[in-house]
Amino acid sequence: MDQLLLLLLLLWSSGLQAAGENTSTVCENATLADIVFLVDGSSSIERTNFVKIKGFLSSVIKALEIGRNKVRIGLAQYSEETYQEFLLKDHMDKTSLLEAVKRIPKRKGGTETGKAIDFLRTQYFTEEAGSRAGQRVPQIAVVITDGDSTDDVTAPAQRLRQHGVIVFGIGVGPANLQELQSIANRPPERFLSSISNYAALQTLKDSLLKTVCISVEDQKQALAERFADIFFPLDSGVTAAEFQRCTIKEGCVQKDEADIFFLIDHSGSIYPNDFKDMKKFMIEFLNTFRIGPQHVRIGVVKYTDSPDLEFDLTTHSDVKSLEDAVEAIRQTGGGTETGKALTSMVPLFDRALATRGHEVPEYLVVITDGKSADEVKIPAEQVRAQGVTVYAIGVKSADSVQLQEIAGDPKRTFFVNNFDALTLIKDDIITDICSPEACSDRPGDLLFLIDSSGSIGPQDYEKMKEFMKSVITKSAVGQDNVHVGVMQFSTIQQLAFPLNQYFSKDQMLNAITAMQQVGGGTLTGEAITDVSQYFDGLRGGRPGMRQTLIVITDGEAQDEVKEPALAVRNKGVVVYAIGVVDANTTQLLEISGSATRTYTERDFDALKDLENELALKLCNTDTDCKKTEKADIIFLVDGSTSITLEKFRSMQKFMSSMVNENTVGKDLTRFGVILYSTNPKSVFTLKQYSSKREVLRAIQDLKSPYGDTYTGKALAYSLPFFNKDNGGRADLKVPQILMVVTDGDATDRHSLVAPSVDLREHGISVFSIGVEGANKTQLEIMAGHESSRVFYVDNFKALESLYKNITQALCDTPPVCEKQQADLVFLLDHSGSIHPEDYTIMKNFTTDLVNSFKVSENLVRVGLAQFSSEFQDGFYLNQFYSQEVVNKHILSMSHKGGDTEIGRALDSIMGYFEASRGSRRSAGISQNLVLITPGESQDDVEDAADRLRALGIEMFAIGIGDVHELVLLQITGTLERLFTVNNFNSLDKIKQRVVETICKSKDSGGLPQNLLFQPNISVSSSMDGVSGAQQQGFQVFRGSTFTISCSIQPQYPGGSFQLNFTSSQLNFTSSDPANIPDSLPAVNHSAHFLFPAAEPAHQGSYSCVYHVSVSAHGFSSESRLLSVTVTDPAPFILRAVVLPLTLLLGTVGLFFYCKATRGRKPGRQEDMELDDYNLGVPAAGEEGAQGAE
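6 is the number of the first residue of the sequence shown in my numbering; add one for each residue after it.
Honestly, the hints are just simulated from the structure, not real lab data.
Cβ atoms here follow ideal geometry from the backbone N, Cα and C, with glycine treated the same way.
Fair warning: there could be bad hints in the mix.
What the hints assert, rightly or not - What follows is a list of derived Cβ distance ranges for each label pair:
1) D329 x D750: 57 to 63 Å
2) Y797 x P415: 49 to 55 Å
3) P1086 x S48: 50 to 56 Å
Throw the hints in and build the complete structure from the sequences for me.
And the structure:
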């Protein structure tokens, strides 16, 4: 049952449990989740098996931390009907919850799982029932069943998942696995479990209980990273984009150029809601890239019996217009001829090359839900022959053979059961597209430490070797780039090859192929200690570069792993732990130090799923320097006579490499070039070229002017080329950079100081790059004696690779802060969990942050306080107005000790943002709070954080060591303002990122993102007057009057309700059914949309969206979907008139029959039948059987 290990990571924060009924929770860290079990209670389940289900549920509950602010449990049982056993809000302690489980009666009847799933969504996962989705608490459903459902499960399960609920499925015995796959989230190996019988439930429980205590926040972080799109409803306040880690996004912004077409099936077999999910998938996809005519272009072709170009690559040039265009795509229906559609793509990609003007990577993403009526293999081959990479995505009834023929590669072939699962494979495709660019020019050391013990079968050992080969193939291996080494271990360690032995992929792949399994035990800790030395310089490592260790094991270590792993991480090595089959999850977490770098897989085949994700992660560590996204850079290049043609070519290569390290564009990084010798001359200005290709071509066309070396004159000449007229953007706070490249002594050496000072006073950073005979003193003068901006190499060949060092220096150069004015308050933890030396490091780090801002009364004001179990004032915003005085007071602070109560500290710090204490909140000045803590809060933080957010305060949290990231996330409200490091010594690595985030962050007007309640939606009809507020579906008769009502709990005055409508008619879509207004003002917090006469066109799904403006900020919240079906009244007339008339005639007939037979002694059988009929109850034996049930 290891495929349910991830369920444990989400549900449990317990340690090893003692055997038997007296299981106790070892872990003190309470998890946070709303979990609802949906249990099959149909007649197919014997009473003894139902008892086993209850035993399993009790075991799970005993291992959880139950409480109002911890885990809440709900349970529903179903057969033909669904029974509300208890809601999430009903039991807030473990004792009453276990008693409630014991009291659950077994029901009987058929198996209508679809109806029960809808019941869960409408009756359990609501605020009224105790759901905390609005507080960003994970919503989880666990469905346990042993049979086929007699109704449809696909649509109800899709609605539940779209509601933001993670769905797990447990199938017992003959349960329909295909049906369970339609219910559970993807991938099935994580969310679906199948067991042979109910006795095996106990085995499932035992395997889960093997996992030792895991930090709750680490669990949430790990899941948030992988399943952000399904974690929370769209209206929960934390969007998928906010919650998703930036790994993939950061990799894809490096994708400077690409052309991507979507080829989407819109045939009649696709329902409107499914088509909407397909459009959502495309929008999320395109939002990952840098869209633009010179960057990534997107086009869409839809097809049925014939293809139809929706919009070409050149039609839309920005994300917003692309989103609008995708939303506007309409489905018309028809057949499915994918082959014809593929053929139509050939001229479109030809045109793409012509409009682009040069070759760029090209991709085609095909999405279809059925088998094509025509042949696809040859058309697909024609597309791929153009150099186009094709991804084939099949949904529902798509043909797997055709999908592979379309993609031409199994790794680019995907299949999902439902359209709402498309979003879960999005990252796989994007990662495959983006990983080459993300990994280019990112030198580093990568060591594999693989388990070679006897518990691993020969085939699995080969799969592990193939995994290593795949990761290496996707990495930028080279002597000046990525170095790779491999060690295997069992009872002993065996080095396959160190980091400095091979520098080509072929050599490495051959060496891995030749590896032989060792066999023996599993001494993982000893192996980690041994492999650590190979990261040192003396053993082939490069300590100054990014260093990564990947540990792969299939079993529990027979020695201690925590301390050896901590030692290697303290050297700055980033550790990933991959556990397969029987690996101990707690040990994996101790090895990696973070759940975001921990992977658990059910078997070695699952390693394939990690290849792309891990390859991209290896290229995007927190400390890596990313490409400069926005800057104005001018090269001031020495073209004097001393520079030969060959040397000038080296200069050109250097400049080209620098350009390639940046994202070029009109609104991104701009480049200009000035050549100088006796006289300077601008070759092209900052505004002249807006694409990387144009800049590179212009650099290749440069001609050396020859002459003397008048560097001072050139410096003075360069200043006006940063002006706005020449393309400079200093007024927009874009960094201004001048790169001087020279090989000799300046002819006007005495004229260097004045222009260098003038440049700096205008906010221009000067980088001095000297080659061969350059004068180092003069280089320092030009750079203002900033050693980090002075570079020297003794030959021009070395200049060609110097760009890597300068790129790092550019990353360390802070951009001009967008917040020229700000109130910045630091809240430092000085509890007993902090060692005195670490406390000193934290104070120094705080002063480094302060030094990154312009502290003064009119610009950035700084305040500070400390906390433990008590709050300690430091200084307010209006006390000190200079960096020197602020830093002096920070460094003089003392360490107190005590517990860690962050919630109390947040409430206390609120007073620092009052006008009497120097806050300029009322003047609209940015309000910022930076929390630094290494500990777990011993009180609640969320309410206090919400109160600060309500004041318009942006909160940033820096967690050190084993912190609970979910608690910090509750404080910041977004991952963008949350930072974590392994130890205090690593704080310096994130300083620049923290400063940049503070400078760029924008508040939301001081209002929490989850500001509004969810609106209610209901329907009433003139014929029956019954409200459908609590119903998923509602029937109205054709021609009758009905009203859809929208309402919301009173929070803010005014606002309006918008009525959204999606037709269930395949050929009908409208946002304004039958001229009903789609928006009405909210009167008494409600609005009523009247439909005078119901028509088939009104049949479909409705939702209410409430819009309101609060403090000049617009907010909205959407209700659940409500389905309306329009039916013909004739069947009603049959039921209302004919059936009562029939009953009346039957009664009259019975009366005369009884009268005619009065006095006649009935026979035994007649007497029994008549008695049963008159009583209208089942026979006693039958009733007894029911009662026993």
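Taking the hints in turn, this is what the structure says about them:
1. At roughly 59 Å, the beta carbons of D329 and D750 sit within the given window of 57 to 63 Å.
2. Range check, Y797 to P415: Cβ separation about 52 Å, and the 49 to 55 Å hint holds.
3. Range check, P1086 to S48: about 53 Å between beta-carbon atoms, so the 50 to 56 Å window is met.
Checked against the numbered hints given earlier, this structure breaks none of them.
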